[in-house]
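Chain residues, written in single-letter form:
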Amino acid sequence: MKLGQVKEILEAELLVGQENLDLEVEMVCGADLMSDVLAFTKPDSLLLTGLTHPQVINTAEIAEIKAVCFVRGKRPPAETIERAKEEGIPLLCTPLLMYESCGRLYSHDLPGCSQVEEK
Amino acid sequence: MSGKVQFTRTQELIYEMKVGEVMTHSVVTVKPQTSMNELREVLRSNRISGTPVVSNDRLMGIISIEDFIKWLANGPPKTTVAERMTEAVVTVYDDEPLVQVVSMLDRHGFGRLPVIQRKHKKLVGVITRGDIMEGLLHKLEIGYQQEEIHRYRASHIFEDLIADRTALVFQYRVVGKDFQKAGSGATRLKKTLTRLEIHPRARRRAAIIAYEAEMNIVIYTNGGNIMAKVEPGLITIKAQDNGPGIADVELAFTPGYSTAADWVRELGFGAGMGLCNIKECADETTLDSVVGKGTRLEATIII
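One line per chain: the protein sequences are A and B, in this order.
Going by my numbering, the first sequence opens with residue 1, and the numbers climb by one from there.
Going by my numbering, the second sequence opens with residue 120, and the numbers climb by one from there.
Please keep in mind that the hints were generated in silico from the structure rather than gathered at the bench.
Some hints here could point you the wrong way.
[Stated by the list, open to error] Covered by chain A, according to a simulated footprint, are these stretches of chain B (three or more residues, beta-carbon under 8 angstroms):
hint, segment
1, 182 to 196
2, 300 to 309
3, 392 to 406
Virtual Cβ for every residue (Gly too), placed ideally from N, Cα, C.
All chains should be built: construct the whole structure from the sequences, respecting the hints.
Okay, here's the thing in structure tokens:
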């Protein structure tokens, strides 16, 4: 699914990556624990998280996450936005809660990380 | 890069790039009530041949040196810019592609076009042929530099070095308790492995091991270092610190077991999964720890 479509479904605001709305995300992981992100995501995932610390971007970079969406209306600090620009990782921000965000994307046929074979 | 490729890239760019990216922001303007005498000084001191006429951020018209000369020839002495300016001004919006400007400049034979912001209809800049050229060259230069970095991949290095056994070693210092810098070792290692064109799966496993090990050093110790050794077919990652040590190594490998402080957990770390993740990503893991002395972790990945 294209990032632009994710943005619509989640009624999200794009914070970083205006030029990346055509990017394809293949699956989604919702997590607030960074070790869980490292353990359970696969490359090219979209990460939904309530954590806005700049470490989220490091974690995303290491785990090859394609885009990050902050849930529950949380807005990241300037350092996080700066790191995301450096690494070229698009950032979204949705007012929806974690469960609702996951539910909406899942009902639009975007699978979870355990359902997709790693390339 | 051949001439032909350059040409097509430039053509693409004039469709991709927007007016707002290349225009001149700080624009000299005059007011409608400015006198033609004052205009002369504005044009002379700024070495320009024309300028937008603005009132309350709104573009009212444009006045050029040609208008000025015509006025000199036959105009009454006390004349304002408003009386001599061209009111029906051709403008562009800041979000339009450059190609639009190129065709408009060609069609009308103008040297410059005022740029209006679409939403508030305010004058935000001026665009000239020079701005377009400069903007395109700048963009092409960035592209060229990125390509140079791309071309400078160290992936062939193992074929170029002559030895019975070749290994590359990278070391990253880790500062304890510094959450801002945490992860910089692992992210830099990952970029290095990308340049070496290590297989993406092995690269990701190595990066996760290094990151978890780095976070452990940051969270629990006063510092240490991460070393990665890359050989054909094998990556070894060693993390060492002189921290407090781990009392019960077996317990530390239990999923969910953690001694992390609350502040660490609030940042999404210290959930007791770090060592498990490392073990999961590695083909072999060894951990030596002495309480009061420090910890050494070694993980190997078969590529």
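Each hint tested on the structure:
no. : hint       : result
1   : 182 to 196 : violated (count 0)
2   : 300 to 309 : holds (count 6)
3   : 392 to 406 : holds (count 5)
When the structure is compared with the earlier hints, a violation turns up for hint 1 alone.
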